[in-house]
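Chemist: Which chain is which? The protein sequence lines are P and R, in order.
Residue numbers for the first sequence, in our numbering: 198 to 265.
Residue numbers for the second sequence, in our numbering: 121 to 532.
Possibly wrong hints are sitting among the right ones.
[Said to hold, decoys possible] One-sided excerpt, in silico: chain P residues whose CB lies under 8 angstroms from chain R:
#1 Q200
#2 A202
#3 T215
#4 M229
#5 R248
#6 S251
Hints are computed from structural coordinates only; laboratory data are not their basis.
For glycine and all other residues, C-beta sits at the position ideal for the given N, C-alpha and C.
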Amino acid sequence: MLQVAFGMFLLVLGGCVTVRPEQRAVMADETMQFDSDPGDRAARDHVLENREGSSGGSSVKGGGCGCN
Amino acid sequence: MQLRRLLSALWGATGLVLPLAAAAQVAEVAPRATVFLEPSKTSKLLVINPNAELSVTPIDWLELHAGYEADIVSGATESLKGGRLSPVDIVSSATDFKDTRHQVTGGFGLTRDSTKLSATYAFGTESDYHSHAFSVQSGTTFLQKNTELTLAYGRGFDRVCTTGFADSDGPSVRRELDSSKGCFTKAVDRASRKVDLDNFQVGWTQTWTPVLATQLVLYGALQHGFLENPYRAVVIAPAGDQALENHPDNRLRMAVAARGKYYLRPLRMALSAGARLYRDTWDILGQTYELEAERYVWPDLRVMVHGRYYTQTEALFWSDDYTGGEPQDGPRGQYWTGDRELSPLSSYLLGGRFIFKKTAEQQKKFGNFLRTFETSFSFDLMKTTLKEFTWGGSKPDDTLALIASLGVRAAF
Numbered sequence: 198m199l200q201v202a203f204g205m206f207l208l209v210l211g212g213c214v215t216v217r218p219e220q221r222a223v224m225a226d227e228t229m230q231f232d233s234d235p236g237d238r239a240a241r242d243h244v245l246e247n248r249e250g251s252s253g254g255s256s257v258k259g260g261g262c263g264c265n
Numbered sequence: 121m122q123l124r125r126l127l128s129a130l131w132g133a134t135g136l137v138l139p140l141a142a143a144a145q146v147a148e149v150a151p152r153a154t155v156f157l158e159p160s161k162t163s164k165l166l167v168i169n170p171n172a173e174l175s176v177t178p179i180d181w182l183e184l185h186a187g188y189e190a191d192i193v194s195g196a197t198e199s200l201k202g203g204r205l206s207p208v209d210i211v212s213s214a215t216d217f218k219d220t221r222h223q224v225t226g227g228f229g230l231t232r233d234s235t236k237l238s239a240t241y242a243f244g245t246e247s248d249y250h251s252h253a254f255s256v257q258s259g260t261t262f263l264q265k266n267t268e269l270t271l272a273y274g275r276g277f278d279r280v281c282t283t284g285f286a287d288s289d290g291p292s293v294r295r296e297l298d299s300s301k302g303c304f305t306k307a308v309d310r311a312s313r314k315v316d317l318d319n320f321q322v323g324w325t326q327t328w329t330p331v332l333a334t335q336l337v338l339y340g341a342l343q344h345g346f347l348e349n350p351y352r353a354v355v356i357a358p359a360g361d362q363a364l365e366n367h368p369d370n371r372l373r374m375a376v377a378a379r380g381k382y383y384l385r386p387l388r389m390a391l392s393a394g395a396r397l398y399r400d401t402w403d404i405l406g407q408t409y410e411l412e413a414e415r416y417v418w419p420d421l422r423v424m425v426h427g428r429y430y431t432q433t434e435a436l437f438w439s440d441d442y443t444g445g446e447p448q449d450g451p452r453g454q455y456w457t458g459d460r461e462l463s464p465l466s467s468y469l470l471g472g473r474f475i476f477k478k479t480a481e482q483q484k485k486f487g488n489f490l491r492t493f494e495t496s497f498s499f500d501l502m503k504t505t506l507k508e509f510t511w512g513g514s515k516p517d518d519t520l521a522l523i524a525s526l527g528v529r530a531a532f
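Using the sequences and the accompanying hints, generate a full structural model.
Modeler: In structure tokens form, the structure reads like this:
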């Protein structure tokens, strides 16, 4: 079962290599990054974690921008 | 003593990073100040958080970073929690307090082709709490950089100051702290207790089309040790008997978050939506929903607006009033808490952010030294609805919070 799920995961990933480097102008922009201002997000998370019973799951840096 | 160690650590980290900064290919400095204000007639809270980070890249594959931050906290808080049936005057028990937490961090990052590994150490100290934390994070991109996976682990070794009760003392005879005086000394009426923290996070970011990306984050944390507020007592009997909060020693926390980014070409705007589900072994179920829109209003200035809704259920052992004769072997008979964060609540947050960023053209610098300059200002308003929590039957009035943050980032 696990092997089937992993196989499907790879199949999905393989099928999604549709964005070539020359098509990444939009994705490379900072507005499309999931954590474009980490300092600001960290400051807000610091407050929220002290005011709520939940924590974690914050955005990780990324966006697969490939902006080279 | 702790402050001296902290200053030594800061001096050491800065001494290591500064000479490298002078010779580095890229050096970046990022100071920021954040203010959190909760106005209230009886229990206002003000937190000022200045922080600064310095990072240098002496060679292409190596980054060194050091940082400092402080939480300067002042306000008033109710040290005794009772509910609607409590025969004790709760609100007039609010006492003023001031405290400052200092934290220094230092670490490095290694980059090789499409893979990155980083490690950070943080040392924090305040009058009643000490912490040491190590964290490592790795990430890699593949499938033509359309896919990114990250893996992170953090370990905290903390100590919190309490009154000098023995572990064998029953929870109902333990007393709360009245101040941090004597903490982390050999004073007989003070003790320090361990808090161990483990955090795990896995992230998967995927680009699906030239204008659509998604992110999935799985999070887990294990907390073990003294998890109570050492300053808060709870009324636990009809006659008004009080005791220090008593929480379980272990808490396993899990969260799964999914978010997406979509670029709306006609409006030239990036839209983001996200949801997070949270669950822990104290039986809190939390849900978070976020929406965000960001676009350029000038070539170097972009504006973001966002909204957030959060709701949670109460911890299994939470009650607004513990004087109602709960069975002693039930969750509310074994444990008691005065923390509103463990009560059923919901909150709305609305805010915005301006970012101005100017980058010099390739191989050039502003004034021959500045590659990039960025400044950001954000402002948020958060309104919390406490569904059942009261101070002796009165609804708290400190449920509106203001958060403002101003930051600068410069690369040389």
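Chemist: All the hints need checking, so say for each whether the structure fits it.
Modeler: So, going through the hints one by one against the coordinates:
Look at Q200/P: its Cβ only gets to about 19 angstroms from chain R, farther than 8 angstroms, so that hint breaks. A hinted interface residue such as A202/P counts as satisfied when its beta carbon comes closer than 8 angstroms to some beta carbon of chain R; here the least separation is about 14 angstroms, so the hint is violated. Among the interface hints, the one on T215/P holds; its C-beta lies about 7 angstroms from the nearest C-beta in chain R, closer than the 8 angstroms criterion. Interface hint status for M229/P: upheld, as the beta-carbon distance to the closest one in chain R is roughly 5 angstroms, under 8 angstroms.
With a cut of 8 angstroms, the hint placing R248/P at the interface with chain R holds, because the nearest CB-to-CB distance is about 7 angstroms. Taking 8 angstroms as the C-beta contact cut-off toward chain R, the hint placing S251/P at the interface holds, the least distance being around 3 angstroms.
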